[in-house]
Amino acid sequence: MSNFEYAVIMPKMSMTMEEGELLGLRVAVGDVVKSGDVLFDVATDKIDMEVESPADGVVKEIVGQVGSSMIVGAPVLILLTETQVMSFDFNATEPVTEVAAEPAPVASIVETQQIKSHQVTRAVPKARELAKARGIDLASVSASGPFGTITYEDISNSGVTGTNDARKAANRKMVAAAIEKSRSIPQITLSRFSTHTTSSIEHGSAHLVSTWARILRQNHHFNISTVTEQAHSAVGVALIMESKYGLALPVFADPDLRGGEDLLFWIQQTREKASRGKVPIEMLSGATTSIFDLSHSRISSAIPLLLPSHTTALAVGAPHASFGESEISLTVDLRYCDALEAAVLLDHLINSL
Amino acid sequence: MTDRMLTMSEALREAMAIAMEERPEVFILGEDIGIYGGAFGVTGDLYHRFGSERVRDTPISELGIVGAAVGAALSGMRPIVEIQFSDFTAQAMDQIVNQAAKIHFMVGGGLHVPLVLRAAAGSGTGAAAQHSQSLEGWFANVPGLKVVIPSSPYEAKGLLLASIDDPNPVIFMEHKLLYKVAGREEVPEGAYRIPLGVSRVLREGKDLTVVATGIMVSRAMAAADLLEKEGVFLTIIDPRTISPLDMDPVYASVEKTGRLMVVQEAPEHGGFLNEVIAKVATGPSLGSLIAPVVRLAGMNIPIPYAPQLEKAAVPQVEDIVKSAREIVASWR
Chain A
2 MSNFEYAVIM PKMSMTMEEG ELLGLRVAVG DVVKSGDVLF DVATDKIDME VESPADGVVK
62 EIVGQVGSSM IVGAPVLILL TETQVMSFDF NATEPVTEVA AEPAPVASIV ETQQIKSHQV
122 TRAVPKAREL AKARGIDLAS VSASGPFGTI TYEDISNSGV TGTNDARKAA NRKMVAAAIE
182 KSRSIPQITL SRFSTHTTSS IEHGSAHLVS TWARILRQNH HFNISTVTEQ AHSAVGVALI
242 MESKYGLALP VFADPDLRGG EDLLFWIQQT REKASRGKVP IEMLSGATTS IFDLSHSRIS
302 SAIPLLLPSH TTALAVGAPH ASFGESEISL TVDLRYCDAL EAAVLLDHLI NSL
Chain B
6 MTDRMLTMSE ALREAMAIAM EERPEVFILG EDIGIYGGAF GVTGDLYHRF GSERVRDTPI
66 SELGIVGAAV GAALSGMRPI VEIQFSDFTA QAMDQIVNQA AKIHFMVGGG LHVPLVLRAA
126 AGSGTGAAAQ HSQSLEGWFA NVPGLKVVIP SSPYEAKGLL LASIDDPNPV IFMEHKLLYK
186 VAGREEVPEG AYRIPLGVSR VLREGKDLTV VATGIMVSRA MAAADLLEKE GVFLTIIDPR
246 TISPLDMDPV YASVEKTGRL MVVQEAPEHG GFLNEVIAKV ATGPSLGSLI APVVRLAGMN
306 IPIPYAPQLE KAAVPQVEDI VKSAREIVAS WR
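Here the protein sequences line up with chains A and B, keeping their order.
If you read the first sequence in our numbering, its first letter stands for residue 2, the second for the next number, and so on.
If you read the second sequence in our numbering, its first letter stands for residue 6, the second for the next number, and so on.
Next up, chain A with everything else stripped away, as it sits in the complex:
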């Protein structure tokens, strides 16, 4: 009768067990053991257990390290035996001579690794949704819920912000989703050159914002909500500006009713806050139109895009290098005003500037 090598493995003692600690060995290399003799002790978080020899034989090699944690299925020691020990694979017909060739332990190691790689952070669905919208990495949030679960409040009250890249990506997606909605609106964009030049971006923006707001207030049939189909009582101008997380659209409510210096200071302050990624929450809603002011960039023109529920959008390009004139573009929702009216409105704006 030939000798077989048989690997005695870290056993799986419960459904959830993935690894166990090798507490101690009861045998040494060369020891003769009988079936049922205790070979070693293992511990899990639930139980300590003696592992017995499956057959008579001699201990050929000790693989496991006492005190170390071993994955389920990992060989602890190799037994040299004359008995062909039944492995986990009851279909195996060939004698198992190589440790590595033993199918069951290998399979269970692979399985264990797969389980590990699929482990995800525990969080309630609503917390997950909020984290995604804010671009927050769940792994960076500390969990206060039962079973180490991230609760909704852990995200909503944490003040945790996502990484810049994640926030930018989330922001970009939000803008894209908004623009996606306005794509199907019948619209036209008209452009005209203007001699509108200003000393600083703040002065330019303040002048533009208040003039445009005043014109819309006077022509309130251009300041309509596409949701209610009613004219807005207020004019809210979303001024597109750079922020820490990409473009931001803080809303200046009734800017034409403010004093010039006051509005200038408001815009300066908001631009500074946006650069730190801190647009005040009250400035995130109530827009009825938008302005993309590129007059202090090198971009000569941009086609303004309608935001959801807006009927107008304005863009101002940089002054032309030779003529010194800037291109001002106006996009309107054709369901609420026709191209001719839009042309008159644009003329009116440029004359007012």
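In case anyone wonders, no lab produced these hints; they're calculated from the structure.
Every residue, glycine too, gets a C-beta built ideally from N, C-alpha and C.
Among these hints, one or two may not hold up.
[Claimed, not checked] Distance windows between CB atoms, simulated:
hint, chain 1, residue 1, chain 2, residue 2, range
1, A, 309, B, 112, 38 to 48 Å
2, B, 206, A, 177, 53 to 63 Å
3, A, 49, B, 110, 30 to 40 Å
4, A, 189, B, 148, 51 to 61 Å
5, A, 282, B, 195, 55 to 65 Å
[What the hints assert, rightly or not] Straight-line Cα separation of at most 27 Å, DSS-like style, residue types lysine-lysine; simulated pairs:
hint, chain 1, residue 1, chain 2, residue 2
6, B, 261, A, 133
7, A, 133, A, 47
8, A, 133, B, 234
9, B, 211, A, 133
10, A, 61, A, 174
11, B, 234, B, 261
12, A, 174, B, 261
13, A, 13, A, 133
Dock chain B against the given chain A, drawing on the hints supplied.
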């Protein structure tokens, strides 16, 4: 009559009387429903009012009763079967599941089986394991059967009249402990019908959505009264019919509260309300959950005879209070 706070037995009796007055083809059959007035007194004096042709006492054979009713229904009658204890439907399962539920579909819609099977269900009467079960889940798993569980006298009357109108079989599960009690609302005189497949929101609260059936509805309402004093507010939804099941109010409520508890007397394992949880897990309101879903159900054991154990085997008001308090406090 001024006091219309009827018991569920009285409300059911009124519904059957109205149906028999409205339609000559309506009749009732079952064990001891005639002269004796029914095992739980539901049919009462109907035998004396409508006679032995329309309130028919039968031999002790549930299979025979339901078989006869299926045949009568196919021949143009509208039988109402009373089964003394819903546990005995097991005796009649072939007629219910393989005949009544299937015929309409297997003949391409050419025949109808307008049959209502009323059965006394649930524990709490000291009747032990073979007379105390809540088997509604069995029937909800059979396409072709509608399953109705009234939670109060008002619901019982309106739902039973709608069930009798239904052109195909309806299983109507009445909790024994509800028979002798009045509900929280009056039972209107005359005929009114509550459509099958429309859930009812009985109470709205911001903290937790509770979906409960049968007697668990009144227990959940009592729990909500107690919890309100602690500042925990429950929404209580009674599906009324578990098949077909109207989930829209549940989704809408979970979107507001972020928490869901389901309560049933039937054993937890394989219970019908697990379907509610499955629908929330696969439906539009999943992303609104801020807490794991809580299940309160009967233990997975036959109902014990000893009164204390019988009570402990199914959810009580205090169990609902405790679980609701915990889930609202732990998950915010």
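How the hints compare with the structure:
no.: 1; hint: A:309 <-> B:112: 38 to 48 Å; in the structure: violated (54 Å)
no.: 2; hint: B:206 <-> A:177: 53 to 63 Å; in the structure: violated (38 Å)
no.: 3; hint: A:49 <-> B:110: 30 to 40 Å; in the structure: violated (59 Å)
no.: 4; hint: A:189 <-> B:148: 51 to 61 Å; in the structure: holds (56 Å)
no.: 5; hint: A:282 <-> B:195: 55 to 65 Å; in the structure: holds (56 Å)
no.: 6; hint: B:261 <-> A:133; in the structure: holds (20 Å)
no.: 7; hint: A:133 <-> A:47; in the structure: violated (36 Å)
no.: 8; hint: A:133 <-> B:234; in the structure: violated (37 Å)
no.: 9; hint: B:211 <-> A:133; in the structure: holds (25 Å)
no.: 10; hint: A:61 <-> A:174; in the structure: violated (62 Å)
no.: 11; hint: B:234 <-> B:261; in the structure: holds (21 Å)
no.: 12; hint: A:174 <-> B:261; in the structure: holds (26 Å)
no.: 13; hint: A:13 <-> A:133; in the structure: violated (37 Å)
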